[in-house]
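Here the sequence shown stands for residues 1418 to 1533, numbered as in this note's numbering.
Quick caveat, the hints were computed from the structure, so don't treat them as lab data.
For every residue, glycine included, the Cβ atom is placed at its ideal position computed from N, Cα and C.
Take the hints with a grain of salt, since some may be wrong.
[Said to hold, decoys possible] Derived DEER-like restraints, expressed as beta-carbon distance ranges:
no., residue 1, residue 2, range
1, Ile1427, Arg1466, 50 to 58 angstroms
2, Leu1490, Ala1463, 34 to 42 angstroms
3, Gly1451, Ser1488, 51 to 59 angstroms
4, Asp1432, Arg1466, 40 to 48 angstroms
5, Arg1450, Thr1430, 24 to 32 angstroms
6, Arg1450, Glu1428, 29 to 37 angstroms
[What the hints assert, rightly or not] Using 27 angstroms as the maximum straight-line C-alpha spacing, the simulated DSSO-like pairs for lysine-lysine come out as follows:
no., residue 1, residue 2
7, Lys1461, Lys1448
8, Lys1472, Lys1461
9, Lys1459, Lys1472
10, Lys1448, Lys1459
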Amino acid sequence: MTAPEIQQEIERTRDHLGETVEELAARADVKTRGRARAAGMKDKAAGMRVRAQDKATEISGRLRQSQLARSQLAQSQLGQSQLVQGDLVRRRWPLAAAAAGALLVGSVLVRRRRKR
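Produce the complete structure using the sequences and hints provided.
In structure tokens form, the structure reads like this:
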């Protein structure tokens, strides 16, 4: 090997050694690694919080819809029962009027017969 080739080899080795030392220093820097890990966990927690809020909002919306549907169903059933009850009263009204009329006519006939 010639002197310039040896010089270039030394430079490459020096660069490679410098990169290796920087990597080892980064691994040994516990404080910086801890901060980086804490920042990553903070980002992860923020993402989880957003997902939890979205899920809670979705569930809350479903619950409101369910409660609204139940109240509407209850109101419609109440209205239907009132309609059914009203129909029964309307159907029985002529029967009651006829019975009252027959009773009145019967009592008038009985009174006339007793007066004679």
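Results for each hint:
1. Separation of Ile1427 from Arg1466 is about 54 angstroms and conforms to the stated range, judged on CB atoms against 50 to 58 angstroms.
2. Between Leu1490 and Ala1463 the CB atoms are about 41 angstroms apart, so this pair conforms to the stated range of 34 to 42 angstroms.
3. Under the hint 51 to 59 angstroms, the C-beta atoms of Gly1451 and Ser1488, about 54 angstroms apart, fit the expected range.
4. At roughly 45 angstroms, the beta carbons of Asp1432 and Arg1466 sit within the given window of 40 to 48 angstroms.
5. Between Arg1450 and Thr1430 the Cβ separation comes to about 28 angstroms, which falls inside the hinted range of 24 to 32 angstroms.
6. Taking the beta carbon of each, Arg1450 and Glu1428 are about 31 angstroms apart, inside 29 to 37 angstroms as hinted.
7. Pair hint Lys1461 plus Lys1448 holds up; C-alpha atoms about 20 angstroms apart against a cutoff of 27 angstroms.
8. Distance check on the hinted pair: Lys1472 and Lys1461 sit about 17 angstroms apart at the alpha-carbon level, within 27 angstroms; holds.
9. Distance restraint check for Lys1459 and Lys1472: the Cα-Cα separation of roughly 20 angstroms lies within the 27 angstroms cut-off, and the hinted pair is therefore satisfied.
10. A C-alpha spacing of about 16 angstroms is found between Lys1448 and Lys1459, which places the hinted pair at or below 27 angstroms, so the restraint holds.
No hint from the list above goes unmet by this structure.
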